[in-house]
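Engineer: Given only the sequences and the hints, what does the whole structure look like? Please build it.
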Amino acid sequence: MKRQYNQLPQVAFSILLALSLRERHGYEIIKQVLDDSDDKIRLSPGALYTSIKQLNEQALVAEVVHPEDPRRRYYRLTEKGKRALSAELAYYENSLLLARQRQVLEASYGTPA
Amino acid sequence: MVHRPSAPSTDIYAKLVALYPAAYRQQYGQPMVQTFDDLLSAEPSKLGKLAIWGRALWDVPSSALKEHVTNGRGMTMNRNTKLLIAGIALVLLLANGASFWFGYLHARQTVNIERVSPAQLALAMQHDDFYSSYGDTALLFTGKVSALQHENGIMAATFQTGQAYAIVCQFPAAQHPNIGDTISVAAPGGSAERLPHGVLLRSCVEN
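From first to last, the protein sequence lines stand for chains A and B. Letter 21 of the first sequence, counting from 1, is numbered 406 in our numbering, and no numbers are missing. Letter 114 of the second sequence, counting from 1, is numbered 1244 in our numbering, and no numbers are missing.
Heads up, a few of these hints could be off.
Claimed, not checked - Straight-line distance between alpha carbons at most 30 Å, and here's what the computed DSSO-like set of lysine-lysine pairs gives:
{"#": "1", "chain 1": "B", "residue 1": "Lys-1145", "chain 2": "B", "residue 2": "Lys-1179"}
{"#": "2", "chain 1": "B", "residue 1": "Lys-1196", "chain 2": "A", "residue 2": "Lys-416"}
{"#": "3", "chain 1": "A", "residue 1": "Lys-467", "chain 2": "A", "residue 2": "Lys-438"}
{"#": "4", "chain 1": "A", "residue 1": "Lys-467", "chain 2": "A", "residue 2": "Lys-416"}
{"#": "5", "chain 1": "A", "residue 1": "Lys-438", "chain 2": "B", "residue 2": "Lys-1196"}
{"#": "6", "chain 1": "B", "residue 1": "Lys-1196", "chain 2": "A", "residue 2": "Lys-465"}
As the list claims (entries may be wrong) - Some, not all, of what chain B presents toward chain A, calculated at C-beta under 7 Å:
{"#": "7", "residue": "Tyr-1158"}
{"#": "8", "residue": "Asp-1168"}
{"#": "9", "residue": "Asp-1189"}
{"#": "10", "residue": "Ser-1193"}
{"#": "11", "residue": "Ser-1247"}
Because the hints were derived from the structure by calculation, they are not lab data. Ideal placement from N, C-alpha and C gives every residue a C-beta, glycine not left out.
Structural biologist: In structure tokens:
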């Protein structure tokens, strides 16, 4: 079956990216998403957990019990989640490549500093 | 063991979470309250805490409504659920109105109010004297909306300036203007941030 790309909404993609390094609880995810997006995506708890619920239902993330911090619910990427994130990133990488080839990027985007 | 939040503010938030469907609350209610508590604890300023509350007043009812609608799809809703949904919609309407007036009054009550052009704002940011010139000022300007971008319940409207920098204003999604509209906008200068090719103004209200 041909692999499908670009299936994730922006918030879901940002959450998966935030979880790509390690498992995190809600507040850590919000902070990481804010950092990753250059302060552009400021998630609130309602939006965060609505998205986490969907990701959980799609088995892209899973809850983790953290013995050192039992009050907080931690989340981690599942194998399926890692594959979805990779597919999404491959889509963006390809899009970026095309954009560079077609010279449609503004000067400040996509050029390594 | 169920964690009992100690801060009164967090207790109020925990009561708001009751707007969500029971199944959702059971799984995500406590983590939501904990995350809200973490956000408030990490925010040092009173104004920042107010901003977190401002977002929550919109965020909780709107996402709760979304959950009820998602849950209600494909099944017959009983009278209580319909009443709850109508109640949430009413709360949203009131929260939206309150947020609008709070923003409007905030902009109006700032001591220095200055009428400027989008081009002046753009040039000030370009020449690195935006914050020294307008940081303590409520800005009033008129411009034409050339683009809109929606993200997380916030609508960003771009105003062309004739300069290299554009002005981007954030409005609550329910109050945003349309592309092509020429409107007057009030915004606190202190909310400004530098973008790669523009000035981002948060908490904009149509004046």
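Engineer: All hints are to be evaluated individually against the structure, with a verdict given for each.
Structural biologist: Cross-check of the supplied hints:
no., hint, in the structure
1, B:Lys-1145 <-> B:Lys-1179, "holds (18 Å)"
2, B:Lys-1196 <-> A:Lys-416, "holds (24 Å)"
3, A:Lys-467 <-> A:Lys-438, "holds (17 Å)"
4, A:Lys-467 <-> A:Lys-416, "holds (20 Å)"
5, A:Lys-438 <-> B:Lys-1196, "holds (12 Å)"
6, B:Lys-1196 <-> A:Lys-465, "holds (26 Å)"
7, Tyr-1158, "holds (4 Å)"
8, Asp-1168, "holds (4 Å)"
9, Asp-1189, "holds (4 Å)"
10, Ser-1193, "holds (4 Å)"
11, Ser-1247, "violated (24 Å)"
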